[in-house]
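Participant: Chains as they are written, first to last, in our numbering: chain A, 1 to 282; chain B, 1 to 282; chain C, 1 to 282.
Don't read these hints as lab results, they were simulated from the structure. There could be a bad hint or two in this list.
All copies of an identical chain are treated as equivalent in the list; a pair is satisfied when it fits inside any one copy or across any two copies.
Derived DMTMM-like pairs: lysine to aspartate or glutamate, alpha-carbon spacing no greater than 25 Å straight-line [stated by the list, open to error]:
{"hint": "1", "residue 1": "Lys118", "residue 2": "Glu54"}
{"hint": "2", "residue 1": "Lys21", "residue 2": "Glu156"}
{"hint": "3", "residue 1": "Lys118", "residue 2": "Glu53"}
{"hint": "4", "residue 1": "Lys21", "residue 2": "Asp151"}
{"hint": "5", "residue 1": "Lys275", "residue 2": "Glu15"}
{"hint": "6", "residue 1": "Lys21", "residue 2": "Asp153"}
{"hint": "7", "residue 1": "Lys16", "residue 2": "Asp153"}
{"hint": "8", "residue 1": "Lys275", "residue 2": "Glu54"}
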Amino acid sequence: MPDIIDGRIAAAIYEKVRREKPLVHHLTNFVTMGDCAAVTVSAGALPVMAQAEEEVEEMVSAARAAVINTGTLSPSRVRAMGRMGVTAREKGIPVVFDPVGAGATRYRTGEILALLRKIRPSIIKGNKAEIGFLGGLHGIKIRGIEALNIDVDPLEAAQRLLDFLDYEAVVVITGPVDVVYDFRRIARVFNGNALLPLVVGSGCMAASVIAAFAAVEEDFFTAAATALATLGVAAELAAESKDNLLLGPAAFKIRWLDTLFFLTAEQLVKSARIKVDEVTQG
Amino acid sequence: MPDIIDGRIAAAIYEKVRREKPLVHHLTNFVTMGDCAAVTVSAGALPVMAQAEEEVEEMVSAARAAVINTGTLSPSRVRAMGRMGVTAREKGIPVVFDPVGAGATRYRTGEILALLRKIRPSIIKGNKAEIGFLGGLHGIKIRGIEALNIDVDPLEAAQRLLDFLDYEAVVVITGPVDVVYDFRRIARVFNGNALLPLVVGSGCMAASVIAAFAAVEEDFFTAAATALATLGVAAELAAESKDNLLLGPAAFKIRWLDTLFFLTAEQLVKSARIKVDEVTQG
Amino acid sequence: MPDIIDGRIAAAIYEKVRREKPLVHHLTNFVTMGDCAAVTVSAGALPVMAQAEEEVEEMVSAARAAVINTGTLSPSRVRAMGRMGVTAREKGIPVVFDPVGAGATRYRTGEILALLRKIRPSIIKGNKAEIGFLGGLHGIKIRGIEALNIDVDPLEAAQRLLDFLDYEAVVVITGPVDVVYDFRRIARVFNGNALLPLVVGSGCMAASVIAAFAAVEEDFFTAAATALATLGVAAELAAESKDNLLLGPAAFKIRWLDTLFFLTAEQLVKSARIKVDEVTQG
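Construct the complete structure from the given sequences, taking the supplied hints into account.
Facilitator: Pasting the structure below:
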């Protein structure tokens, strides 16, 4: 029997985040940095965004989880990411690694692969093109930071990446159905809303909340699946606009953040839809 | 007879943007980077914000249009802008160049002029003080990045800049009435709303949408005029708040983005107000 | 008798900001840069965010107030802050210095102390942990950029910092009750709302508005107290949602900005709550 991960477990972890307010150190891109800070606060945790090589090791040592996001990469940021990530690993602080733009340029891809090998992050989260590309799947085309509409099986992409990396990690592939994989189990999270992928930074923000959950839940597989379900339930409820507010991506982002902020255990228990299956290695 | 550019043409180009989802590579300032990404998505295109010298050439080569914005300039960004802009020109990818802060400091002005000469961007978009200053008009005072209330004729400012640059480009001057000029024609766009200039980044965001339109419409003069009309119609409709929402610059920005997202061809056909005239060279 | 600073004085200064539209030059962190620009516009002033060493001296010379914020610090930013701050002091332009993250890492703390000694800013604004830490109070623990719930008397923290710095400055400590101190007087500002500290960047944004007020009011003690009351009254009115809008930190931020934008002298006169006392040196 596979583990059961449901809304009650999500609610218990979310409650723990809100009670313990873990510090989540981000080294993330300039585009959505403010959004990542906002979602971390809305989820009840504390964000910090220090990025200088000179201080990331000390800052991450004071944190309970870390996010490394490769958007708007640069050589100095790569160096800071390496120092921050290695320190986090040495101290047992979970790192959520978001390989934004993997496959988009040779520079980005090369630095991402080097960082993955160096940091060995606990959780790697991307879309299926990024994860598939990093795992060596053929025929993947990436345009900017967007996955083209490619026919990649998320489980295969996650498996290929873990085989390639050859250490124990949790791989998260976001999409209409989010997938979480850890060699042994696959969780599928069915919550969400069609506006979510149109919110710039929604993927980056998911990494922040996964990190906040991983800060208080040592089974990172469970932490990732419940974080995604929590964000997805908030998105579903945010879209149920009772007033007349015009709800495009911009207003939806605001409401998503605030729905997450007010989300109750009851709502999570009622609406979280997570399915866990055991995976037989091929 | 001058060309007629109207709401039907705007709607046709906008439809093409939404269908083809062109990638628009931005190298823009840190202040409004997130807003530029958001408006690009709301307009149906795909943003990417890679900024490292190491990858901008490859990234822009995969894009169909580019935005270069000189806010929060720095030497490394200037170098990246040069490489990105030259690559774009060599590959025939339109560049919208936004000389934010031209005239504000000697450093900024010098780098902007050097970049203009090096890149020879397809479209140059600024306010009348920036464009007038770059074209050598006397008596222009710039305070920070804001045009002081100067008595500059937009057409003269545009003409002076094109005479100075001496290559074929489209010049856009934003203001209560937006002006687009290409040596041969002047378009005046009468759409907009008084809250728009109070939205931080509305000018930067206009560059993003002009670039998205220029990605699918090879007559950049038409692309710029219709993009501005589209944004202006969205602003007019956004201001017609049917609910009780307090609509200052912050809420208006959200609603403007979402109105743009939902904007229909019918609304554009009904409300776009663009006037094109031939220009006799003086 | 201590000075009386009330809503009428706040309204008079705010009116002056709106009329004179002072340019406020920011060198602030990447996380909330856009929010600082937005609040500056909503308060009726003009923001500029130039950050390159090559231009900050010239840019700040054109400004009437400056904000230096040490979030997302880096060596190049420290250098630019030093040049900007020294130039401002030499030209008599007030600097609001926000020592974000003081105490969080040795690097951050060291650079902040060096900048304070070098710049000698007119106004230093932080939370009580940051100010207490910089003043040498014992037993202060800082986690990321958040003050832990420490038992520090704000007045003592402010006094210790001024004693340490040994020059005339105004110290602002934000909190449920904001405190302003200048060796001679202490002002307590009772306006505000519980959602405000959950708005990422609300502290940074307060610095922007204090700077805008200090640009037009040469008694910086009065400028700081009235700016905080103005922001606090806007927060109180923003929270009085008459519609059904879900008001978590994200929507509240938008409404706070817009309430500030529309704030009237009558509202300030009616609701500002500032108490000034003379301080006997211990």
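Participant: Does each hint fit the structure? Answer for all of them.
Facilitator: Verification of the supplied hints:
1. Lys118 <-> Glu54: both (19 Å within a copy, 21 Å between copies)
2. Lys21 <-> Glu156: neither (35 Å within a copy, 28 Å between copies)
3. Lys118 <-> Glu53: both (16 Å within a copy, 23 Å between copies)
4. Lys21 <-> Asp151: between (39 Å within a copy, 19 Å between copies)
5. Lys275 <-> Glu15: within (21 Å within a copy, 39 Å between copies)
6. Lys21 <-> Asp153: between (36 Å within a copy, 24 Å between copies)
7. Lys16 <-> Asp153: neither (34 Å within a copy, 30 Å between copies)
8. Lys275 <-> Glu54: neither (43 Å within a copy, 42 Å between copies)
Checked against the numbered hints listed earlier, the structure breaks hints 2, 7 and 8; every other hint is satisfied.
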